[in-house]
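**Q** Residues per chain, in single letters:
There are 4 protein chains.
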Amino acid sequence: MKLIEENQLILIICRGRKYLKRITPDQSFHGKGGMLRYCDLIGKPYGIRIGEYDIFEPTMEDIVMYALKRETQIVFPKESFYIAFHLSLKKGSKVLEVGTGSAATTYIFSHAVGPEGLVVSYEQEERHFRNAKRNIERFGEWDNVELHNEEFTGCAVDDFDAAFIDVREPWTVLEKVRGHLKGSAPIGMIVPTANQISEVLKELETGYGDTEVLEILIRKYKTVAERVRPNDRMIAHTGYLVFTRKLETVSTA
Amino acid sequence: MKLIEENQLILIICRGRKYLKRITPDQSFHGKGGMLRYCDLIGKPYGIRIGEYDIFEPTMEDIVMYALKRETQIVFPKESFYIAFHLSLKKGSKVLEVGTGSAATTYIFSHAVGPEGLVVSYEQEERHFRNAKRNIERFGEWDNVELHNEEFTGCAVDDFDAAFIDVREPWTVLEKVRGHLKGSAPIGMIVPTANQISEVLKELETGYGDTEVLEILIRKYKTVAERVRPNDRMIAHTGYLVFTRKLETVSTA
Amino acid sequence: MKLIEENQLILIICRGRKYLKRITPDQSFHGKGGMLRYCDLIGKPYGIRIGEYDIFEPTMEDIVMYALKRETQIVFPKESFYIAFHLSLKKGSKVLEVGTGSAATTYIFSHAVGPEGLVVSYEQEERHFRNAKRNIERFGEWDNVELHNEEFTGCAVDDFDAAFIDVREPWTVLEKVRGHLKGSAPIGMIVPTANQISEVLKELETGYGDTEVLEILIRKYKTVAERVRPNDRMIAHTGYLVFTRKLETVSTA
Amino acid sequence: MKLIEENQLILIICRGRKYLKRITPDQSFHGKGGMLRYCDLIGKPYGIRIGEYDIFEPTMEDIVMYALKRETQIVFPKESFYIAFHLSLKKGSKVLEVGTGSAATTYIFSHAVGPEGLVVSYEQEERHFRNAKRNIERFGEWDNVELHNEEFTGCAVDDFDAAFIDVREPWTVLEKVRGHLKGSAPIGMIVPTANQISEVLKELETGYGDTEVLEILIRKYKTVAERVRPNDRMIAHTGYLVFTRKLETVSTA
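Residue numbers (this note's numbering), protein chains in the order written: chain A, 1301 to 1553; chain B, 1301 to 1553; chain C, 1301 to 1553; chain D, 1301 to 1553.
Just chain A, with the same shape it has in the complex (with noise of 0.2 Å):
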């Protein structure tokens, strides 16, 4: 049974909102259930209700939306999720990025391709570097990200088993990522408007096969069981996914 500890990483949750907290022994959390003492935590198990508070171990998705310093508009995990699994990433797998942004597919392909695998990213901008850098200090649990603070021109590695492109333009970088993937490699993009998928799939007309546009949503529900129904409001739109792979056209004489 995992004990709670120093150092460690809880999530708190009181009527409904949600808190990640790191445990040290002399400090409290004062929310609107009472004062919280963490040194009355340390040793306990997780899973408990204290009074108001429900004490949790952190799932990687409460790391991403909860505890990830955010300097940039992420990729929430409804995609990151479907992004990861869609470019078969697994043990061992190689995957570029460019445009880090906050780190928070970064993160979640980190787990994906686990410690033998890389994840080799890149972000132009220094300040989202930084904070990046600092985001996978943090929570990262795997020594296999590499930042690079840089545009992206071309790097060391040639055969990177997919890759993910987050930036504004991703039809400008598209070509020199190309050229560092394995044959089949799959490729992601994320973009937030309509006119931006038509420019992507300008770009993707040759060289590409297997293209798909498609966007996720989600509909959460209230759980009370006498009154099953939609909460009222949802998100409605995040960004369009672009998947597609690399492919080479042979000839067959």
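The hints are simulated quantities; they were obtained by calculation from the structure and are not laboratory data.
The reader is advised that the hints may include incorrect statements.
Since the list can't tell identical chains apart, any single copy or any two copies may satisfy a pair.
[Claimed, not checked] Straight-line Cα separation of at most 25 Å, DSS-like style, residue types lysine-lysine; simulated pairs:
#1 1332 to 1369
#2 1391 to 1378
#3 1391 to 1520
#4 1321 to 1391
#5 1476 to 1378
#6 1391 to 1502
#7 1476 to 1433
#8 1378 to 1520
#9 1433 to 1391
#10 1482 to 1433
#11 1344 to 1302
#12 1522 to 1369
#13 1502 to 1520
#14 1321 to 1369
#15 1502 to 1321
#16 1378 to 1522
#17 1502 to 1302
#18 1482 to 1302
#19 1433 to 1302
#20 1318 to 1482
#21 1302 to 1378
#22 1378 to 1344
Here the structure of chain A is known, so what remains is to put chains B, C and D in place on it, guided by the hints.
**A** What follows is chains B, C and D alone, placed relative to chain A:
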């Protein structure tokens, strides 16, 4: 560069349709693009267009969709990708599954936990169990899956990191599952009807926290740059997902 | 050309917000665009931009959304527009409504059936009845609405063309409503929860046909030509609509 | 009580399928429920079940869906119902339509404006015009529709209350339409692609206000009380709706 070899799997796309095949040197694929001899592919890289055929290395999603033999309604990738990460499965996790079905989620979970992890899955129906076993033997990549052909009434492992239940009446098995989870462990369930959501929620009133109900919708778009628009039809319902976490009320005295 | 006159309604839009006002010569509108004197508008046409203010003639939807005083959750236009036509309301139709609420559907029905038609509506709650009455008196255009402040237990009209029920437990009133409809008459209901759908469906097993359950979702987009994309958030649920038609089994002997 | 008579329309439902027929005494319907002789129906009320056949009086929606002959992609009721009310069509309104198509919206508009109203509709394509004409002659209820077999380049009426445009490039005709509308008049358009939304929005920058872009989704549910759940598949896209209103900038001097 990875080359196509005997006995490997390939994904063939022709005129928008997908076929997943295993390379056997003396056989051929006969589709609308004419005959494609497998022996001509051996030694070539993945990611090639030959005539009307695009040949790719299958992704995990391709395996689930086009390789696994289905004897049951499967949990589709749009849900299983989300479930695996939402349950916080990572390299080394141990996960319990009740209701193996055709092993589609089992296969995804196996990849999520990696070779150091463990997936223990129960299937009561012998016919489904045998099909699931064959699917995992033929397509599984890691030796980390334990399949049981019996009703789940308990098991040797006591501290699973997470659980997933896919049976008709998940509320009947929930308490037994809970007993084999470590504190805070996330539990996922999938049910097709709103009536079942209601039944599950009643069972979750005590001993569980952070309960969520949601559904995932994927909307696909046509891939013509000049005419960006959704497909005419979409899959509107596969199942409702219910998530919760094991919670113990502790006395504060 | 219709000109703005004293006592008429105008819709003012300023910085994306909408206001519905009645022209009284000695008053003014004070918004973020500065003071707008109503006397300056009199004699001008509708559809004019004055400074930051856009002045339009209110549509029926504007009346429902911004003029009717709400004492209850109203049925929104996206549903009431559909209901009115799906119930096949047309010039001269007679429709029965049980549950007037704030008279938002009553108002739409009144327009759908026109001056030769009839809307008979029942509201048990005196407070809601009084509010509904005032709404219809102030904003109704045709003298074709009969409001009753009582529980519906029957009425003088025996051959309504259609009915709409918006009460918490529509199944308790359904049989009484049915008795006052002509054969084949469509009946509509709105319920917020899936549990209620289930209850209604049980009641519809005998004496009704062509039953349908559906929900209507409206997804709005930003209106920037260079950045076509859905709004970030949307209304995800207002209610489930249940439709059926009165059916009598006749002997074929 | 309305009885079935010779030459009237009936809706037949058998095993979930719908058929719209006209009563001719010497004919019969042959479906999966056996032979149904129309002469046996004459004199009976609407809303009856005879064997496996449910016989209803057709609603306006039934007419649009099952009676109108389609030579073009029609605007479906889920959109046309919304459009008619969103354009604030009411008894006596005059509405201009550009692009009659199969007259499905024309038919709905005709009912919305009633016999005192007017629908003026233009269709360039002779084949579509002839089909639309026949549809209106056979199924229209009011003598309030004027069909023109020509490109819209202007017309005699100068103060339409509203307009609807359903042609491939609505931006090319928008200005001409605007010239025939009264101030503040709402204008609706339907376009299948996001690229077209972008083109329309560019044209709306001057001379229009209160612009909106939206799409309407209908999700249907199975009608089994014990298993409340959405249908497996749904129509995911018919068209994007663009609405705006005529606006004149006036000097405040």
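**Q** Which hints, by number, does the structure contradict?
**A** 3, 5, 6, 10, 12, 15, 17, 19, 21, 22
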